[in-house]
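Enquirer: So the first sequence is numbered by my numbering: it starts at -4 and just counts up by one.
Hints in this document: simulated from the structure, not taken from any laboratory. The C-beta atom is built at its ideal place from N, Cα and C for all residues, glycine as well. Any given hint could turn out to be false.
[To be verified] Each pair of labels, with its calculated beta carbon distance range: (1) Ser185 to Asn401: 51 to 59 Å; (2) Asp512 to Lys642: 53 to 61 Å; (3) Lys768 to Glu609: 39 to 47 Å; (4) Asp512 to Lys768: 17 to 25 Å; (5) Gln402 to Gly745: 52 to 60 Å; (6) Asn782 to Gly544: 35 to 43 Å; (7) Arg767 to Glu658: 20 to 28 Å; (8) Asn782 to Ile686: 39 to 47 Å; (9) Ile686 to Arg767: 30 to 38 Å; (10) Lys768 to Asp429: 21 to 29 Å; (11) Gly80 to Lys123: 19 to 27 Å.
[Unchecked claim] Straight line, CA to CA, 30 Å or less: simulated BS3-like cross-link-like pairs of lysine-lysine: (12) Lys266 to Lys327; (13) Lys768 to Lys530; (14) Lys774 to Lys759; (15) Lys506 to Lys569; (16) Lys648 to Lys398; (17) Lys569 to Lys768; (18) Lys728 to Lys398; (19) Lys370 to Lys340.
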Amino acid sequence: MDPRLLASHYMVKLSRTPITQILARAIHAHILTSGFRPSTFILNRLIDVYCKSSNICYARQLFDEIPKPDIAARTTLVAAYSSMGNIRLAKEVFYATPLRIRDTVSYNSMITAYSRNRDGHSAVRLYKEMRVEGFVPDPFTFASVLSALSLIADQERHCQQLHCEVIKWGVACVVSVCNALMSAYVNCASSPLVLSSSVMAASRTLFDEMEERDELSWTTIVAGYVRNGDLCAGRKLLDGMTEKIVVVWNAMISGYVHHGIYDEAFELFRKMQSMGIKLDEYAYTSIISATSNAGLFRLGRQVHAYILRTELQPSEHFILSVNNALITFYTKHGKLVEAKEIFNKMPIRDLISWNSILSACVNARHIEEANSIFKEMPERSPLAWTVMISGLAQNGFGEEGLKLFNQMKLEGLEPCDYAYAGAITSCAVLGSLDNGQQLHSQLLRLGHDSSLSASNALITMYARCGLVEAAYDVFLTMPYVDSVSWNAMIAALAQHGRGVEAIQLYEQMLKEEILPDRITFLTILSACSHAGLVKEGRHYFDTMCTSYGITPGEDHYARLIDLLCRAGMLLEAKSVTESMPFEPGAPIWEALLAGCRIHGNIDLGIQVAEQLFELMPQHDGTYIILSNMYATLGQWDEVARVRKLMKERGVKKEPGCSWIEVENMVHVFLVDDAVHPEVLSVYRYLEQLVIEMRKLGYVPDTKFVLHDMESEHKEYALSTHSEKLAVVYGIMKLSPGAPIRVFKNLRICGDCHNAFKFISRVVKREIVVRDRKRFHHFKNGECSCGNYW
DNA sequence: GTAGGGTTAG
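Given these sequences and hints, build the entire structure.
Expert: And the structure:
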């Protein structure tokens, strides 16, 4: 075929019909085999097709194969590389183009490339360069360079300078240039050094003085107001509009949702509906998110049903984003099954779908499931890692959380402050102070130390590692705090038996007008409980309802009952259970049973245990407490009966286990340990200690041995308790005078509690023990709990 | 041949 004919044939084909990649390949092949040199027009179209189908390699091949591609082809390629995020190749082509044949369009493309690559400085530099070289900027140049300004510091000054240039080059009346300028001014407001009202005013003046406006002009100004928190100004403009521009409505609705003004969001949504403005995925996702945040389950489900009924041919993008929002909606309302159903039925999923279903599983504490989703994900974004790390930590998987955090770093991903918070929480779970401190110093180095989530995690970490003062330091030096910080600090004091201080801090919180939430009351109730402050606890329980409108949940009642039980008011506690507006569940009975144990009320204990056996027959704690109660009374037949019951039902007792950190290594001891390599020397050291302790009056309290055996053996059994072994190991290994910090998975044993008082005197060191419930600080023969535990 | 707005994940 005659090459010229072929060319015109291509021209027609290329300009009229959408070209598939296959067709492009065919033309490309023909060009190569026939030696036909296509016009720039054809070349550009082909490059464009390849790029739109993500085939940048072919595009470059085409470019390289054709001798001396002209400026238009080069520019197309720069733009293509830019839109695919490959700045390296874009630069290569641009700078290989001789200066004398570059034109304004090639500069525009390169400036955009830098801007897309989030390199605002290079974009601005190139703009200045082109001006020095004498190229004339056009409206596209300004649109490109102005959009790059949001990426650099001192944007306001640059904005004003470019504003002058715009006027100088006579393009101030071009709508697209004005839009870009307005948008640049609006973006300045995100800098803390800029007064948002002044840049918004500059933007508004531009808007008001525009002779003609397009949809984007309206959107830029309204979205600008919304983003900078001036919802009223945005709404005023919206109400005065004659045109119905969907994007503006959507921006307004999302603004209301972000500011928690849900009523207005719903009202606007309904208005859109009644005015016949097409509701698209943006409107729906915002409104679904409103129902998620506002806890409006029924309304959310109605929206869901409405979408299914009315959207008969939804686009792919519509299905994707709406379903993503729905996953979160069902997750936030505790409906994992529904969330999973939506996810499973989705024809296509993106990063957000995967991240949403991952957090759905994490929130529902289905860690196994979350783990397999995490492994299955096609792309693990830093967010997914973060969700997984904090999910593991918050569900007590400290070791796994920390491991994942380290793995994230090994894979070259930079953990954000939330990921650090997860890792720090992992340390809190493990009681790993060394790791926690290292993470703290990393935070300081990275400048993440002002992060709210990381600092809140630090408070908890230091507290759970036994360093209340360090927790306090973090709390006091935080640039701003939220109710989580207050709750964490109050809890820190409460766990360490400093109930009065916890209450004082709570009162301080009220003075600073921070509203307490349900967590605050849980914390303050346990503070009162640990410190034996019955009157105060009752008072706070009442004010929770009367002054703050928080309906006490089962967990609040459980703490109130715990408070009364510890103080020996078992009958009153019992009567509270009867006055509750719901049937008592396991937490209530457990609190009562613990009270019965402390005060040796076996009759009530048996009744309560029966309830618990029914509710959770596989729970070891009930059997243990009951058998221990019989054992203290010497009723060994009954002990045997309970043990037999356990065996029959296949219930296993969680073995006691304690651990201590020495030089960044965690050493674990079990009851009657024979596993730890140095356990023999630990036993020998303990024997010597006991001799010294007896001189000071220590008598092993064998009532804490819960099996029937000779008293000599009982003393031996006591000496094998895991917490004793860990404490002794600490005395042997830690530098002289350093406090001993030991962690135990169960509650501390009574004889160990007594023994540690004596040990603290013999070795003249502070011993800190964290058990399942709280901390004990032993110093000079006394414990911080005042024996009230 | 080049630029530009609104959403959903912690």
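Enquirer: Against this structure, judge whether each hint is valid.
Expert: Structure-based check of each hint:
| no. | hint | result |
| --- | --- | --- |
| 1 | Ser185 to Asn401: 51 to 59 Å | violated (33 Å) |
| 2 | Asp512 to Lys642: 53 to 61 Å | violated (44 Å) |
| 3 | Lys768 to Glu609: 39 to 47 Å | violated (25 Å) |
| 4 | Asp512 to Lys768: 17 to 25 Å | holds (22 Å) |
| 5 | Gln402 to Gly745: 52 to 60 Å | violated (42 Å) |
| 6 | Asn782 to Gly544: 35 to 43 Å | holds (38 Å) |
| 7 | Arg767 to Glu658: 20 to 28 Å | holds (26 Å) |
| 8 | Asn782 to Ile686: 39 to 47 Å | violated (25 Å) |
| 9 | Ile686 to Arg767: 30 to 38 Å | holds (31 Å) |
| 10 | Lys768 to Asp429: 21 to 29 Å | holds (24 Å) |
| 11 | Gly80 to Lys123: 19 to 27 Å | holds (24 Å) |
| 12 | Lys266 to Lys327 | holds (27 Å) |
| 13 | Lys768 to Lys530 | holds (22 Å) |
| 14 | Lys774 to Lys759 | holds (8 Å) |
| 15 | Lys506 to Lys569 | violated (35 Å) |
| 16 | Lys648 to Lys398 | holds (28 Å) |
| 17 | Lys569 to Lys768 | holds (22 Å) |
| 18 | Lys728 to Lys398 | holds (26 Å) |
| 19 | Lys370 to Lys340 | holds (20 Å) |
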